[in-house]
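Chain B: place on chain A using the hints.
Quick note, the sequences are listed as chains A and B, same order. Taking our numbering, the leading residue of the first sequence gets 1, the next gets one more, and so forth. Taking our numbering, the leading residue of the second sequence gets 1, the next gets one more, and so forth.
The set of hints was computed from the structure by calculation and includes no laboratory data. Please read these numbers as outputs of a predicted model, since none were measured by experiment. Mixed in with the good hints, there may be bad ones.
Here are the simulated BS3-like pairs of lysine-lysine, each with C-alpha atoms no more than 25 Å apart in a straight line [to be verified]:
no. : chain 1 : residue 1 : chain 2 : residue 2
1   : A       : Lys106    : B       : Lys7
2   : B       : Lys106    : A       : Lys99
3   : A       : Lys77     : B       : Lys7
4   : B       : Lys77     : A       : Lys106
Here are the chains, one letter per residue:
Number of protein chains: 2
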Amino acid sequence: MDFALDKRLDDSSHFIEDWPLCRVSLKSDRTWPWLYLVPRRGGIREMYELPAQDQVQLIREIGMAQQALQTLYTPDKINTAALGNMVPQLHIHIFARYKTDAAWPKPVWAIQTDEIPYTETDKLAEIQKLKSCFEKLRQGE
Amino acid sequence: MDFALDKRLDDSSHFIEDWPLCRVSLKSDRTWPWLYLVPRRGGIREMYELPAQDQVQLIREIGMAQQALQTLYTPDKINTAALGNMVPQLHIHIFARYKTDAAWPKPVWAIQTDEIPYTETDKLAEIQKLKSCFEKLRQGE
Numbered sequence: 001m002d003f004a005l006d007k008r009l010d011d012s013s014h015f016i017e018d019w020p021l022c023r024v025s026l027k028s029d030r031t032w033p034w035l036y037l038v039p040r041r042g043g044i045r046e047m048y049e050l051p052a053q054d055q056v057q058l059i060r061e062i063g064m065a066q067q068a069l070q071t072l073y074t075p076d077k078i079n080t081a082a083l084g085n086m087v088p089q090l091h092i093h094i095f096a097r098y099k100t101d102a103a104w105p106k107p108v109w110a111i112q113t114d115e116i117p118y119t120e121t122d123k124l125a126e127i128q129k130l131k132s133c134f135e136k137l138r139q140g141e
Numbered sequence: 001m002d003f004a005l006d007k008r009l010d011d012s013s014h015f016i017e018d019w020p021l022c023r024v025s026l027k028s029d030r031t032w033p034w035l036y037l038v039p040r041r042g043g044i045r046e047m048y049e050l051p052a053q054d055q056v057q058l059i060r061e062i063g064m065a066q067q068a069l070q071t072l073y074t075p076d077k078i079n080t081a082a083l084g085n086m087v088p089q090l091h092i093h094i095f096a097r098y099k100t101d102a103a104w105p106k107p108v109w110a111i112q113t114d115e116i117p118y119t120e121t122d123k124l125a126e127i128q129k130l131k132s133c134f135e136k137l138r139q140g141e
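Same shape as in the complex, but just chain A (with noise of 0.2 Å):
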């Protein structure tokens, strides 16, 4: 089955980079600081679908997504998860998480925001620093 990323995805993030398995992309809203790692196999909706290479790679994938926004963003904590009830393609949110952010301690689900979205010059600026922060950490590896 070919990948084709769900346009709910679609509409809520702003395309970075293709990575071996994965689609990486900014989401549209800069309350947080916030990827969506896809994997780019259709009819995916669970890791252990995956095949076992694919699920290596993902790991990687995500420790890399990890580390870019640690990098870049210095937050307290990475928040990482594969929830997916809304849209089953499997999709993995990893976030950058602050003690002074509106939800801190808690789940950044346990309050309601509205979403801030980018200006067009900015998104510019954020999407090309997290690709020089990949091209970087790709190169240290």
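Leaving out everything else, chain B in the frame of chain A:
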């Protein structure tokens, strides 16, 4: 640094068994079938801090826990999350969601529920059921 399970994780769960990497426990709240996976390594807060070999083992063990929940409880979706804002020791929540549950399709953290403890008999039965399922999955590998 030696591994010691954080007291808050210990107090909120029942020990099931140790896997090659993780301590596996049952959350002491029967609202949702809910497992904790805690890598038995000291001083780890984020997945990427684990050695590469441990990361591979972690995704394998996450997959095994997900498969066990799917097999035993036939949920509509598995939810998987590593948050750690309150308890920074790396721990992964893996739990079963149903279209009929109180929070669906929202994340469980969007609602407040009272914990429902297991009776001693039910707890032992549940642990036994999980251990048997894990054993079958191990043999099927």
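Would you check the hint for B:Lys106 and A:Lys99, treating anything up to 25 Å between C-alpha atoms as holding? holds, 24 Å
Regarding the pair B:Lys77 and A:Lys106, is the alpha-carbon distance no greater than 25 Å? Measuring from Cα to Cα gives roughly 22 Å; hence the hint holds.
CA of A:Lys106 to CA of B:Lys7, is that 25 Å or under? holds, 19 Å
Given the proposed pairing of A:Lys77 with B:Lys7, does the C-alpha separation stay at or below 25 Å? holds, 19 Å
When each numbered hint is compared with the structure, no violation occurs for any of them.
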